[in-house]
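With the hints in hand, could you dock these two chains into one complex?
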Amino acid sequence: MSPSKRELLLGRAILIFVMLITLVPFVTLFVTALHPPGTYPDGISLPEEYHWDNFILAFESANMSTMLTSSLLIELGVVPISLLVATLAGFALGHLQVPFRRTLFVVFILGLTLPFEGIIVPLYYQIRDYGFLNTQLAIILPLIGLFMPFAVMWMRAHFVNMPHDLTEAAKVDGASTWQLFWRVHVPLSRPAIASLAILLFLWTWNQFLLAIVLVDDPTKRTMAGALGAFQGQWGTDIPLLCAGSLLILTPVLVVFLVFQRQFVAALLQGAVKG
Amino acid sequence: MASTWRTSTGTTVPAEESSGDIRSRRRADRARRLRAGLPGLALVAPALFFYAVFVLRPLAATVQYSFYEWDGIGPSTWVGVDNYVRLFTDPELIGPIVNAFQLILYFSIIPVIFGVISAAIIRKFGSSKLALASRTVLFLPQVIPLVAAGIMWTWIMATNGVLNQGLALVGLDGVTRAWLGDFDTALPAVGVIGAWVNVGLCMLLMLAGMTKIDPALYEAARLDGAGAIREFVSVTLPAVRQELGVAIIITVISALRSFDIIFISTQGGPGNSTLVPGLEIYYLAFFSREIGQASALAVALTALVLIVVLPLNRLTRTESTS
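Sequence order for the protein chains is E and U. Once you know that position 12 of the first sequence is 11 in numbering that gives the first Met the number 0, the rest is easy, because the numbers rise by one and skip nothing. Once you know that position 197 of the second sequence is 196 in numbering that gives the first Met the number 0, the rest is easy, because the numbers rise by one and skip nothing.
These are calculated hints, taken from the structure and not from any lab test. Each hint should be verified, as a subset may be incorrect.
[To be verified] Here are some chain E residues the structure puts well away from chain U; computed CB gaps all over 12 Å: (1) Asp52; (2) Leu56; (3) Glu59; (4) Ser60; (5) Asn160; (6) Pro186; (7) Ala193; (8) Ala196; (9) Gln206; (10) Thr218.
[What the hints assert, rightly or not] Taking lysine to aspartate or glutamate pairs in the EDC-like style, the calculated list, with each CA pair at most 20 Å apart, reads: (11) E:Lys4 with U:Glu230; (12) U:Lys123 with U:Asp213; (13) U:Lys123 with E:Glu167; (14) U:Lys128 with E:Glu6.
What you are looking at is a predicted structure, and each value in this text was computed from that prediction instead of being measured. Even for Gly, the Cβ is constructed at its ideal location relative to N, Cα and C.
Excised from the complex, chain U in its bound form (with noise of 0.2 Å):
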């Protein structure tokens, strides 16, 4: 193996040997070790031609198209910062970006809290019908398209939907409306879709990590007198941190990169209300034909969700290693 090969160079080489000897052999190890790489290379190399063809190269591209202004089909013209400086202060902007992290409440916190406690619940029937039962369904939302979840729920708050004829038959006639068409509402129930959507891959991230927990801790803490939010707090969370983080990176980039279903239940409106990032890039390419600033916009999500997801994903590894 190269590894060992490496650790054996340089222990052999003689003290005695002239800096040219020691410079030519160097070369000549370099080189022989990156003979000895190419088949991996090689290997490497298809995986590598898709990605750098079709995700690298119009990365770039998208970041290049950025500093022009471009209908799609004339001349561009260089116009350096300036669709960056629109980002910041053109509100039709801007609001798409705080619909997007206002989402974050209802994609990942929501979700994330439901999960956790379904899945403290479910742990305690072991492996009985019922929990088997609960986590199947639970999670079936994560598995079919986010497409048909917004067919489904467009039917559902729809102004003769289920939810207002739930409303209407406890009474709140009052409160029915067209939730996803209204200004106050829109926003809320879209949100109300993703935690649908998110909380069954939140409750299967934490019933992951709450099987590895000792029995035994449990013991101790009931020992100890400990109730059930007692034994929660202090025995279920502090094991299941690494999976929580998990949890949140997940749905953190779901919130800030959702289309599908704001673009099936509402396409962005009504007004601005519901517009999120993907879906204003779509409309500024597609539709105004405002390239470079769709791909700057494109360029404020992809660093957004990084910048977002690097702090959370540090959060996760040192608190594991720990």
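Here chain E stands alone, though its shape is the one from the complex (with noise of 0.2 Å):
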């Protein structure tokens, strides 16, 4: 296969462009933090001066180490439970003998296309009459059961295609159910289960409709919940509200460049699999 030289070039070009749309909303972002507070500045245009205090000034106006605080408890509260029950369920699912097997199957499988917005309304009630409103809990919990269905589904897929030998050769070393599980099948299932990890973190990261109906207070919300709040809070300064936003993405982008391997291998596997 050998492309020709003019149809590579053309393709340079395209990628080139393609790349530079894409990056100017990160650009016009950055160049604006940089300007005086309390100014309209122009598009992209470069300040006379850079104010790079806008980044300690935006962290301390937002209260963004309580933020910040907020969002890690929330993603400690979400990730590991979610990792752990999911990881149990799919491995039932795909590997043991359950009862009703199909029948769970399909009423995970429903809960994949389901849109938030579907149970907000009763969930408001419910995180209410449990007294959990305003409090880390209503976002924590409401998001492990929403995570529950594309977990399980996840995990069961990874664990019905593990060798069923495996499985056997234990049993005949005496081993329980429960061993088999902790001693042969989570070790070997890291990589499926770091890249839910990934998933998940990313997500309670960037979840935004919990957090603006079942928290009141930005400084117990997600991130994004509270930089939607700082929108509200900041919305006319325009050169504070843009070092907050990036202060705020920063995080996610570093972690997804970290781990963009597992990231995207974990995302396609998701999407072709759910």
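In structure tokens:
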């Protein structure tokens, strides 16, 4: 296969153009963040003086250290529990004899396309009755439930492909189901679990609807929810808003760039399987 | 294993046994099978618990609420299907659904086309630096919070944003405007944000499909004198049908249930020109306190997504097996 020189040249030009278009929003955000706070800069224009302190100002005025703590707390509540619970269920549905297996499978699949908006109204009253409104639990608990269809399907798809010989061998050695799970299957499933962890981390960080409906106080929300409040409060101060947005989206960019390989693999598998 | 044990019972039941014996044995078998399945059931239980309490229960409650009129505080009144009738007769409620379908053009069709084309180009560059860089860059919008995407683009499309700056630069001062605040352009403007977000996902899916293609097919096409476009249509496109289906499903869902981007950039305005079902549910339930009406719309949205996705899903399944 040897595409002609002209074709390659054209392809290169198109790719560079598309990349530039994709990057423009990031660049404007960055350049604007350096303008003096409270001003109305023009599109892409360099300020006379770079106001790096905008980042500190945004960090402090939005009470961002508290937001960050809250966001991490939510991540710590959602990700490990979801992983554990989904791995157990995926293992059972993919590898063990479970009564009503088919029914359970269909029940979980039904949730895959469910828009969060579809259940947000009763969820509000339910969480209110539990007394969790305005706490991190209001986001953590429903999010675990909402992640279950994807997470369980994901782990099931992984365990279905695990060779049964392995299980037989462990059984012959006298391993119980519990030992079989922890000693044999979990160690072998590390890549699948890691990919799922990255996806769940990002989805939690970016969760917006649950945050704005169930938690009034921006400092007790996810980062995306906090950013929404930040826009409401500082929407008129464009440089500060841009600085704040950059601070909030940098961590996910870093996570993505570091784990890019696993992340992309995870997303593609998840999409095709889901 | 239970599966082997199940086949053995079928063959070892002797014909001369009385029917009572068989029945009691069957009952014992079923009990044994259930007992053998208990550990598995116990492992599924925690996941099922979270799912049932925080998804299935509110889902059932949404359906229940949708038949009542309720302000969230006082007593509720049963109104039957009135909320659903209003859904199909009140222009204020049909509008958001129409808008959501219009967004499919921007959230799904445009990104899929751009995704296919850019993937086809990237594939030609193999694993070069350019291919790697463009893959990474194009995917960035998919990773950041949609809220951040909304903020960026609100600023780009503002009166003194980059878009107008660029248009003025090439002498198109006449068309500059506040893109998100104009009745004619707000919906497409919101759509562009969605397109920008979704292109990367479509590109990656297509690329994944294309890497499975046997290079010999391309050589054969070249030998037959096929150009780049011919090759794309007759070799690449048929091979990525399944990935194409997945990309369409995911992006169509993202259009129908769009919320974050619109909440941040237009709040549904100007007028109701960018109002979508998700946002309307939010307003109805938490601002105008029409819980029943909001729930009816929520049920309709959930059903709508299923109705649109199920046929698409079947399409990818049958095509992939043929």
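So, going through the hints one by one against the coordinates:
1. Every CB of chain U lies more than 12 Å from the CB of Asp52 of chain E, the least distance being 20 Å, so the non-interface label holds.
2. With a closest Cβ-Cβ approach of about 17 Å to chain U, Leu56 of chain E is found to remain outside the 12 Å limit, as its non-interface label requires.
3. With a cut of 12 Å on Cβ distances, Glu59 of chain E stays outside the contact zone with chain U, its closest approach being about 19 Å.
4. Taking the minimum C-beta to C-beta distance to chain U, about 16 Å, the non-interface status of Ser60 of chain E holds against the 12 Å cut.
5. No beta-carbon of chain U comes within 12 Å of the beta-carbon of Asn160 of chain E; the shortest separation is about 17 Å.
6. The claim that Pro186 of chain E is not at the interface with chain U holds, since no C-beta of that chain comes within 12 Å of its own (minimum 17 Å).
7. Non-interface call for Ala193 of chain E relative to chain U: holds, since the shortest CB-CB distance, roughly 17 Å, exceeds 12 Å.
8. Listed as outside the interface, Ala196 of chain E is consistent with that label: its C-beta sits roughly 15 Å from the nearest C-beta of chain U, beyond the 12 Å cut-off.
9. Not every Cβ of chain U is farther than 12 Å from the Cβ of Gln206 of chain E; the closest lies at roughly 9 Å, contradicting the non-interface assignment.
10. Chain U leaves Thr218 of chain E outside its interface by the beta-carbon criterion, the shortest separation being 16 Å against a cut-off of 12 Å.
11. For the proposed pair Lys4 of chain E and Glu230 of chain U, the alpha carbon gap of about 17 Å is at most 20 Å, so the pair holds.
12. Between Lys123 of chain U and Asp213 of chain U, the direct Cα distance comes to roughly 14 Å. Compliance with the 20 Å bound is thereby established for this hinted pair.
13. Restraint check for Lys123 of chain U and Glu167 of chain E: not satisfied, since their Cα atoms lie roughly 46 Å apart, outside the 20 Å limit.
14. For a cut-off of 20 Å, the pair hint linking Lys128 of chain U to Glu6 of chain E stands: about 18 Å separates their Cα positions.
The structure does not agree with the numbered hints 9 and 13 stated previously, though it agrees with the rest.
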